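Peer 1: This is what each chain is made of:
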Amino acid sequence: MSESIYYFLQQIANGLTIGSTYALIAIGYTMVYGIIGMINFAHGEVYMIGTYVAFIALAGLSMLGIDNPFLLIGIALAVSIVVASAYGFSIERVAYRPLRSSKRLIALISAIGMSIFLQNYIRLAQGSRDIAMPSMIKGGFLFGSPEGSHIMISYMQVIIMVTTVLCMVGLTLFITRSRMGRACRACAQDIGMTNLLGINSNNVIAVTFIIGASLAAVAGMLLGLYYGVVNPYIGFIAGLKAFTAAVLGGIGSIPGAMLGGLILGVSESLTGGYLTAEYKDVVAFSLLILILLFMPQGILGKPEVEKI
Amino acid sequence: MSRVTSAFVAALITLILGGFLLGLSLTSEGINLVVGPSTPGKITFLFVGVAIVFVLQYFREHVGRFTTHMRSDQRMELPSFLRSSQQQRIWTMFVIIGLLLFPFLSSRGAVDIATLTLIYVMLGLGLNVVVGLAGLLDLGYVGFYAVGAYTYALLNMYFGVSFWVALPIAGGLAALFGFLLGFPVLRLRGDYLAIVTLGFGEIIRILLNNWTDLTGGPNGIARIPKPTLFGLEFSRRPSEEGATTFHEFFGISYSSEYKVIFLYLMALLLVLLTVYVIRRLIRMPIGRAWEALREDEIACRALGLNPTMIKLGAFTIGASFAGFAGSFFAARQGFISPESFTFIESAIILAIVVLGGMGSQLGVILAAIAMTVLPELAREFDEYRMLLFGLMMVLMMIWRPQGLLPMKRPHMELKRD
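These protein sequence lines are chains A and B, in that order.
Quick note on numbering: the first sequence equals residues 1 to 308 in the working numbering.
Quick note on numbering: the second sequence equals residues 1 to 417 in the working numbering.
A portion of the hints provided could be inaccurate.
To be verified - Computed from the model, here is a short list of chain A residues facing chain B with C-beta under 8 Å:
#1 I49
#2 N120
#3 Y279
#4 F285
#5 L292
As the list claims (entries may be wrong) - Footprint (simulated), chain A over chain B, 3 or more residues, beta carbon under 8 Å:
#6 28-41
#7 131-142
#8 185-191
#9 345-355
#10 384-392
Since the hints were made in silico from the structure, they are not lab data.
Just so it is clear, the structure is predicted and the values come from calculations on it, not from any experiment.
Cβ atoms here follow ideal geometry from the backbone N, Cα and C, with glycine treated the same way.
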């Protein structure tokens with residue numbers, strides 16, 4: 001195979017890695033949107049908080065003398081999920097629940113306020129400088145000749161993709177098989193009716209926020225280890241991209257969010273690899289604008305009907 | 001759950017929320033990451049926060065009563081002496097005269113802050129048309145502000161265009177951008193529109209940052225000349241051979257204060273014009289259509305209004321004010337870079353509109369003054385500014401979504417006697 005094909009495949013692999021983390025974050029947007037119809041603008045900040053907590057847990061555990069990387073990552077992941085879920089739950093309780101019956105604009109402004117608040121809270125608590133993490137998992141699989149053209153897929157990339165797939169499978173099982181998952185789907189269809197049938201929709205909404213936040217924490221930890229750096233401002237761009245992914249796949253649809261994340265990740269990686277790296281973010285935003293204009297229902301979403 | 005348990009659970013959750021992020025701090029030591037207890041101040045803050053949550057949750061019913069009271073509190077309205085239009089006119093005259101005299105009576109620093117405040121007043125008023133009146137959430141407003149600022153800076157750098165020529169061009173170009181962006185996106189529903197405008201603002205910033213050949217990239221553009229008064233410069237020496245400066249023309253000694261005062265008066269003039277134009281617009285059919293559309297789009301369509309065109313009007317007019325404000329900002333600063341046009345700036349302007357009461361001009365003006373003057377007065381408060389802005393936006397939406405000084409609908413009143 002020629003050099004250019006290897007290069008192409010490498011870009012695809014990198015894109016799938018980033019894309020699967022976008023997909024994890026996008027699920028939080030899409031589930032919340034599906035049920036209460038609002039954009040949880042502060043979701044990106046939960047992802048950022050997840051990364052911080054994971055880094056704190058990793059540093060703390062390795063200071064305690066644990067050096068098995070899998071144990072380290074496992075415990076840190078659990079801690080990060082717990083704290084991020086607490087954030088997801090509290091954000092909904094404090095900033096969104098009192099506004100459930102208000103206009104969409106009001107809830108969105110509240111969400112933006114929450115996002116600014118969280119970003120600055122972390123800035124004040126942990127400082128605004130980049131915090132770097134030495135890479136814990138080194139090495140990877142090499143395809144092709146080591147000297148000549150080859151594709152390198154690091155173990156970290158493999159871990160990211162495997163974890164994402166596991167999370168997606170788990171989520172799908174939860175949504176399709178469990179009682180709570182059925183309640184979630186019922187709420188997405190008709191919240192008022194669900195309440196009448198004896199399901200407490202407040203609990204369902206709280207669970208939705210907790211699931212979204214947990215997946216964001218998983219993404220935060222994985223991307224944190226992949227890039228090895230965190231600062232209080234990463235949530236904003238990551239949140240926007242994940243939202244783009246959710247819209248691309250069709251907001252409200254969980255498989256759509258997964259698909260959208262992967263497509264966005266790959267297209268970004270290809271732009272970075274072939275066109276220009278500086279305008280990578282422009283690609284995501286332009287894609288968002290174009291989808292909203294020409295295909296607002298996304299790839300797997302249902303067209304929205306305006307009811308009078 | 002009893003009150004004690006629920007208060008206890010809430011306090012525990014707060015401890016989880018804050019414990020890791022406030023109680024512990026990450027630092028890099030060499031290549032390793034080290035975690036340790038954070039400063040005593042932060043830890044005290046954490047426990048005070050937990051205690052407050054416990055108490056609030058315990059007395060939840062009382063707090064709830066207070067918030068419902070806040071929501072419907074009618075006391076925060078215009079005082080009665082401002083109600084009738086004749087008295088309003090007299091008071092407005094007094095305020096304008098006071099503002100005109102202000103720079104001659106106060107220090108140079110105060111005038112400088114006042115000029116900055118006036119820029120924010122203008123931005124707030126412009127965004128108020130879009131968000132407050134037409135009910136379109138524009139999160140990329142700073143993009144138009146950037147267009148205005150860069151229009152003047154670039155026209156001046158490449159073609160030597162003076163400020164007064166560039167000002168209308170900047171407003172027009174920003175309006176054109178608003179029109180071009182608005183035309184396709186205004187058919188979208190409210191929250192999608194917010195995200196698209198946010199994306200647009202970011203695209204403008206990234207373009208300015210990366211198009212180094214044209215805009216100087218992150219280094220920005222420096223030495224943008226200040227405005228002149230009918231060709232009279234405010235510098236010590238004229239920049240070109242043969243030109244006269246302000247102090248030479250009037251035969252007075254040079255003082256750098258003239259320039260500051262001149263800039264203030266110019267900003268004041270621009271703000272007064274903005275207030276006047278928007279005041280007239282609100283009373284025109286299009287202004288009424290904006291509000292009608294904000295309240296019920298379907299009803300408007302049924303009445304034969306074209307929602308897209310009306311929204312486009314609001315969007316374009318709002319953008320043009322940002323353009324004017326931007327070019328004035330560039331002239332005042334003398335230096336601009338993409339750093340000045342981040343999302344945070346959009347959020348600050350939005351916070352001004354939200355605090356003031358969406359749609360209310362007086363409210364927005366007062367909010368802009370509060371938001372810019374308070375951080376200047378208390379420097380140590382500056383660090384917490386954005387934190388408090390965010391918190392305020394959430395609390396305002398919960399307690400008083402109509403803002404502190406909600407807009408009173410213009411209405412006719414019968415003369416009493």
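Peer 1: Determine for every hint whether it applies to the structure shown.
Peer 2: Hint-by-hint comparison with the structure:
The interface hint given for A/I49 is met, as the beta carbon of that residue sits about 7 Å from the closest beta carbon of chain B, less than 8 Å. Hint on A/N120 holds. Least Cβ distance to chain B is approximately 4 Å, under the 8 Å limit. At a threshold of 8 Å, the smallest CB-CB gap from A/Y279 to chain B is about 7 Å, leaving the interface hint in force. A least Cβ separation of about 4 Å between A/F285 and chain B falls short of the 8 Å threshold, and the interface hint therefore holds.
Using the Cβ-Cβ criterion of 8 Å, the hint placing A/L292 at the interface with chain B is satisfied: the shortest such distance is roughly 5 Å. For the stretch 28-41 of chain B, the stated coverage by chain A holds: 7 residues have a C-beta nearer than 8 Å to a C-beta of that chain, and at least 3 were required. Counting residues of the stretch 131-142 of chain B whose CB lies closer than 8 Å to any CB of chain A gives 3, so the stated coverage by that chain holds, three being the minimum. Coverage of a stretch by a chain is defined here by at least three residues with a beta carbon nearer than 8 Å to that chain's beta carbons; for the stretch 185-191 of chain B and chain A the count is 5, and the condition holds.
With a cut-off of 8 Å between beta carbons, the stretch 345-355 of chain B has 4 residues touching chain A; three or more are needed, and the interface restraint holds. Using a Cβ-Cβ cut-off of 8 Å, 7 residues of the stretch 384-392 of chain B lie near chain A, which meets the minimum of three, so the contact claim holds.
Figure legend: structure checked against the earlier numbered hints; every hint is met.
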